[in-house]
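> Here is how the chains run, residue by residue.
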Amino acid sequence: DVKVTQSSRYLVKRTGEKVFLECVQDMDHENMFWYRQDPGLGLRLIYFSYDVKMKEKGDIPEGYSVSREKKERFSLILESASTNQTSMYLCASGLEHSEKLFFGSGTQLSVL
Amino acid sequence: AQKVTQAQTEISVVEKEDVTLDCVYETRDTTYYLFWYKQPPSGELVFLIRRNSFDEQNEISGRYSWNFQKSTSSFNFTITASQVVDSAVYFCALRLYNFNKFYFGSGTKLNVKP
Chain A
2 DVKVTQSSRY LVKRTGEKVF LECVQDMDHE NMFWYRQDPG LGLRLIYFSY DVKMKEKGDI
62 PEGYSVSREK KERFSLILES ASTNQTSMYL CASGLEHSEK LFFGSGTQLS VL
Chain B
104 AQKVTQAQTE ISVVEKEDVT LDCVYETRDT TYYLFWYKQP PSGELVFLIR RNSFDEQNEI
164 SGRYSWNFQK STSSFNFTIT ASQVVDSAVY FCALRLYNFN KFYFGSGTKL NVKP
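Read top to bottom, the protein sequences are chains A and B.
Using our numbering, the first residue of the first sequence is number 2, and each one after it goes up by one.
Using our numbering, the first residue of the second sequence is number 104, and each one after it goes up by one.
Any given hint could be a false lead.
[What the hints assert, rightly or not] Derived Cβ-Cβ restraints for the label pairs, each shown as a range: (1) Met-55/A x Glu-120/B: 46 to 54 Å; (2) Thr-16/A x Glu-120/B: 40 to 48 Å; (3) Gln-172/B x Glu-57/A: 28 to 36 Å; (4) Gln-160/B x Glu-18/A: 49 to 57 Å; (5) Lys-204/B x Leu-113/A: 30 to 38 Å; (6) Arg-45/A x Ala-110/B: 16 to 24 Å; (7) Ala-110/B x Lys-58/A: 22 to 30 Å; (8) Ser-9/A x Lys-173/B: 37 to 45 Å; (9) Thr-6/A x Ser-164/B: 26 to 34 Å.
These are calculated hints, taken from the structure and not from any lab test.
Beta carbons are placed, not taken as given, at the ideal position from N, Cα and C, and that holds for glycine.
Kindly generate the complete structure, drawing on both the sequences and the hints.
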C-alpha cells in the first residue's frame, strides 16, 4: 500500500517562528502536493512539485515556500508563521498523470 | 475557470437510510476527470472513485453508487443503507486531463446516527 507520512499530527507554534512541515511518500511518485484545509473552504492548493527541485505555485502560495531535494520528500515551510496560517495541512502524492492522489493524515497547525 | 460546488455542508441521517451527496462542477474543457474522496475522522483522504468525461456510465460498488450527468454537470454520490462507519467528510474533485491540479469542493460532512 502507498504510504504518505506527515511528520507531525499536531503542532503548536508561536507567531513569527519558522515552521517546517515534512511529508514523505514511499511509492516513487513524481508529483507531490501541499493543501490547506479550512472549514467551508475545502482543500486549497498551496504548492505542488512534479519532480525533484521543481515546484509550482498553487492558489494560495503567499507566506509559504517548499523544498523538494529528494523525490520522496516534500517540505512545506512557513517563513514567519502568522495566526491566519492556523489550519489543517494535507500532503498528497501521485504518479506523473496523477490519476488519483494519496493523502497523508494531515498536520493540524496552531499558531498562537 | 474550474469550480466544484458541494452545496450540502452537513447531512444527518439515521442508519439504514439512503443518502445522496451532490456535486456540481464547472469547466469549459471537454476532457477531465471527476473524483470522490472520503475523509474519516482520522484525517486521511481516501480515494473512492474516478470517472473520465467520456464515460457517463453510472457505477455501483457495493452500497456506493455514482451518477454522472454531463448535461447538468453533476456527479452525485449515493450511499444505500447507510452505516455509522460512513460518517465522514466527502469531497468531490475535478482534474483537467493535461494538468496535475485538482479542484476540490468544500466538502459535505455526513453524520450517520445509530
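> Confirm or reject each hint.
Structure-based check of each hint:
no.: 1; hint: Met-55/A x Glu-120/B: 46 to 54 Å; result: 47 Å, holds
no.: 2; hint: Thr-16/A x Glu-120/B: 40 to 48 Å; result: 46 Å, holds
no.: 3; hint: Gln-172/B x Glu-57/A: 28 to 36 Å; result: 32 Å, holds
no.: 4; hint: Gln-160/B x Glu-18/A: 49 to 57 Å; result: 51 Å, holds
no.: 5; hint: Lys-204/B x Leu-113/A: 30 to 38 Å; result: 32 Å, holds
no.: 6; hint: Arg-45/A x Ala-110/B: 16 to 24 Å; result: 19 Å, holds
no.: 7; hint: Ala-110/B x Lys-58/A: 22 to 30 Å; result: 29 Å, holds
no.: 8; hint: Ser-9/A x Lys-173/B: 37 to 45 Å; result: 42 Å, holds
no.: 9; hint: Thr-6/A x Ser-164/B: 26 to 34 Å; result: 28 Å, holds
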